[in-house]
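Going down the list, the sequences are from chains A and B.
Just so you know, we're using our numbering here: the first sequence kicks off at 5 and counts up by one.
Just so you know, we're using our numbering here: the second sequence kicks off at 5 and counts up by one.
For the record, the hints were derived by calculation from the structure and aren't laboratory data.
There's no promise every hint is true.
Label pairs and their calculated CB-CB ranges [what the hints assert, rightly or not]:
| no. | chain 1 | residue 1 | chain 2 | residue 2 | range |
| --- | --- | --- | --- | --- | --- |
| 1 | B | Gly148 | A | Arg109 | 20 to 30 Å |
| 2 | B | Gly202 | A | Ala273 | 53 to 63 Å |
| 3 | A | Ala367 | B | Ala116 | 25 to 35 Å |
| 4 | B | Asp269 | A | Ala273 | 44 to 54 Å |
| 5 | A | Pro113 | B | Gly298 | 53 to 63 Å |
| 6 | B | Glu167 | A | Glu235 | 28 to 38 Å |
| 7 | B | Gly381 | A | Arg346 | 46 to 56 Å |
| 8 | A | Ala116 | B | Gly298 | 53 to 63 Å |
| 9 | B | Glu59 | A | Asp301 | 54 to 64 Å |
| 10 | B | Gly148 | A | Glu235 | 41 to 51 Å |
C-beta atoms are modelled at their ideal positions from N, C-alpha and C, and glycine is treated no differently.
Protein chains: 2
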Amino acid sequence: MKLEVVTIGSELLLGQVVDTNAAELGRALAAAGAEVVRHVTVADRPEAIRAAVAESLERTGFVITTGGLGPTRDDMTKPLVAAIFGKPLRLDAAVLRSLEERFRRLGRPMPAVNRTQAEVPEGATVLPNPRGTAPGLWVEDAAGRVVVMLPGVPSEMRGLLAEQVLPRIAQRSPGTVVRSRTVRTAGVAESALAERVGAIEEDIAPLTLAYLPSADGVDLRVTAWGLREAEADRRLSAVATQLRARAGADAYGEDGTDLAAVVLDQLRARGARLVVAESCTGGLLGGRITAVPGASDVFIGGIVAYDNVVKSGTLDVSPELLERHGAVSEQVVSAMAQGVQRQFAVDAALAITGIAGPSGGTAEKPVGTVWMAARLGKEARALKRVVPGDRGEIRARAAQGALDLLRRLIADQR
Amino acid sequence: MKLEVVTIGSELLLGQVVDTNAAELGRALAAAGAEVVRHVTVADRPEAIRAAVAESLERTGFVITTGGLGPTRDDMTKPLVAAIFGKPLRLDAAVLRSLEERFRRLGRPMPAVNRTQAEVPEGATVLPNPRGTAPGLWVEDAAGRVVVMLPGVPSEMRGLLAEQVLPRIAQRSPGTVVRSRTVRTAGVAESALAERVGAIEEDIAPLTLAYLPSADGVDLRVTAWGLREAEADRRLSAVATQLRARAGADAYGEDGTDLAAVVLDQLRARGARLVVAESCTGGLLGGRITAVPGASDVFIGGIVAYDNVVKSGTLDVSPELLERHGAVSEQVVSAMAQGVQRQFAVDAALAITGIAGPSGGTAEKPVGTVWMAARLGKEARALKRVVPGDRGEIRARAAQGALDLLRRLIADQR
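Can you build the whole structure from these sequences, using the hints too?
Structure representation (structure tokens):
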């Protein structure tokens, strides 16, 4: 089943609010076997709303809208959709009662403007919205064309979607799903990975493959469109296995797997504990690691050695080393890892030093130069990367790179 | 000037990635006086992309696309747009050189697939992208119809937009702007702030006011719509002054101002240096502070004391204190701040300890309980908050709360 989503609101086009409803609808509908083939956003202007909804209805016969159901003047979705279907608006007594009841519960008089919220297109199904004043509406004509109107408030939209819309959609298209599976890689460039994966697209059709690069690395996302659930899962599983094989040691997990969680699991399995020493990341690596619930049985803490005073004073990096090689060097990052490991007397340590910019770069060490070190027992590795991006991205890539270095060190020790 | 935005990527329709590019484009274009009248998202399917771009071009004559410019097979925007304009793709020698140069700098061989990224529609203007491999492209025909293709990676899109696209658009549409100004507050609830601000909406019309709560606090955003630039700025400035006066000590800055930068400036003005001691935030506070370029003249570093072993061993928090009051207590957070200040012998210190969840809460200390401490010289403050949200939000609120505590301590000392 294919459908289109129309999100309505000037604030969305002006970028004052990020349209999380669209993403949430896409996710939930795909899981229920419905494919969103287009998403359109228009402003709170009657002609724009009317045109967008009518065109989407023309293309797919099924449209979900969000927004424009409030009591104020800029809320006009309902009369416009009613007009598309050629249906008049009628006051719905049950909706009016539940509105009045809601205001009574909140201990406030119901403003007159809210009365318009009890008007529904003739013959429409009212989708009760216990979280807000605007109910959802399901309008369907004899030809089976459907427009579902949902409020724009994310918590209300989400509730109506789960409780009212998805069950009805699942009934219309029993069986098929749109489902994805992701193989996550780190430490390899998109194009190098693509060469390794090769021309797999024809072999896996009708499944599709997308390369999604980010500061975390490159995700390989394969999607099955509109297959029966068991068939989709079987094929996705086979393709994921193929992709993992081709990605080799660069693959660290699937779907939402966080590299920090992978490393914590590796260390937990060995009963090892972890500390960090951070310069340019300033605490981000520790922040990444402790974002994983339950990190506390592996992660002890660390030293943020932003200033060289802390590198020498607390981490025992010799001032001569700092002088001779500079703070961003293999020698210093290795000494940082060794220093923090010794200080806390633990098995595993990570260290990062680099030039995050925007200033501080030189011809020899440009902005983006990052040295990372990992230690497990007496074994140590250091790695230099010159990574792209702005300050935030460079620091995120440094944290991910350090975690990946330790992941590989542990894996190779097995 | 009116235009449409087409964002391309199956991952957007599937909701696996939230489309932040669309919001960012809307914001930046509004500020440049261009109105996004429609935003369309389509999957990585040739027919869907071609139809969406052609329809948008038909409606407004000006389209900006994001995504589908990478080196892999799922990237197909460029040939499709070239086909709409009836122009062949040609290898651009300058783009190829800069691609090869980029790979040389990163110390990697350039994979053959990247060569396709050097192909541009005949006659197109290449918009250099120093942050990535895919340049932006500006294609314009004799009738003045324009399609601007930008990469989907947010940092690359943002850079190209600011440096290449907005200056060209500003030249095309002199005159009115849609412009906002934001007064940022911390440490006050939305409803309390709303009572203080009062019924200002009618006084400021046609400007509009929105309350935007987040983990940073509550932002007050006022927007001027379609006024001439000087008039918009004059009115926004007057309203911002009013709002700051009503928000009082809770206001810490305007627009994109980061509270960490405010605190760094306060400390810099006094020649003071700062250290941190973090438990539940695990390094996030240091990460927040060092996200500010130039933090290094104020921020020295800190201790991530995730485990109590580090609190007592490195921060000198007495084990009896930990035993008697628990790690999340006024006594322990105060001792952490004192310990880290003493260890690094600096003027200013911040400490955080709390229960970020999802587990670890008790009836007395529920998940969300956070103790924060700030020290400046011998003066010290500690503050407890029970904050809402999930693990990530609780930790973000804790970091922001600690910074706000130090901001107020410094301000009161003046």
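- Task: Please name the hints from earlier in the document that this structure breaks, with their numbers sorted from lowest to highest.
- Result: 1, 6, 7
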